[in-house]
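Going by the numbering used here, the residue at position 34 of the sequence shown is 39; the numbering climbs one at a time, nothing skipped.
In short, the hints are calculated from the structure, not lab data.
Among the hints, a few may not be true.
Simulated restraints on C-beta separations [claimed, not checked]:
#1 Val151 to Lys106: 32 to 42 Å
#2 Phe108 to Thr192: 33 to 43 Å
#3 Asp14 to Ser89: 17 to 27 Å
#4 Ser89 to Asp177: 26 to 36 Å
#5 Lys106 to Glu135: 28 to 38 Å
Glycine residues also receive a C-beta, built at the ideal position from the N, C-alpha and C atoms.
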Amino acid sequence: MAAVLIVDDEVQILRALQINLNARGYSTVTALTGHDALAQAAQHPVDIIILDLGLPDLDGVDVIRRLRRWNRVPIVVLSARHGSDDKIEALDAGADDYVTKPFGMDELLARLRAALRRGAPGDPPVVRTEGFTVDLPNKQVTRRGVAVRLTPTEWNILELLVRNSGALVSHDEILTHVWGPGYAGETAYLRVYLAQLRRKLENDPANPRHLLTETGLGYRFRE
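From just these sequences and the hints, can you work out the full model?
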């Protein structure tokens, strides 16, 4: 059966969902905060996410927006917010469905099955620059037709930047995605790994054209 990431800061609800889903054959991963949800989604590929909006650190809509920068997995919101504006905002941010609390387990399971049937859209693209190619579906990088060997950490950073092509990705977003929420603020890690990526991929690492630094903010990939 499918793997489900459950995100809710109410431990009783989270535990009840986990028990019910496990009993029906689903495997589950859990998170109590928004930052933990982003880290779990990065570290544990899942088939669908159940997401509460009222999280203690990040608003759930912000979590949806951040996930949608690099992840196409279906998201079913499970929230006590009943207003139509809340539903519209979540759906516009990228949620696939919206269930309000209190909820019936049978209805929620039916919504999950429907979202899983719709599934995620097709494979992500192959991104080409004049110097190198990033094959996201196959997790491969080539430069002038020759495979480039990247470490898992280098790949995770590059993949996040490429999936957000043209957009600024903050230091904390990269650190949380790659190392987890406990590493937020450790920008020295990023400087080391970006330097390594530039040496492997850029024609002129000292004057990069594709892996760009936004001083004090983060990094940006440009095709």
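Tested hints:
1. Checked against the hint of 32 to 42 Å, the pair Val151 and Lys106 fails, with Cβ atoms roughly 54 Å apart.
2. Roughly 41 Å separates the CB atoms of Phe108 and Thr192, a value that falls within the hinted 33 to 43 Å.
3. Evaluation of the 17 to 27 Å hint for Asp14 and Ser89 yields a pass: the beta carbon distance comes to about 24 Å.
4. The hinted window of 26 to 36 Å between Ser89 and Asp177 holds, with their beta carbons roughly 32 Å apart.
5. The beta-carbon spacing between Lys106 and Glu135, approximately 51 Å, falls outside the hinted interval of 28 to 38 Å.
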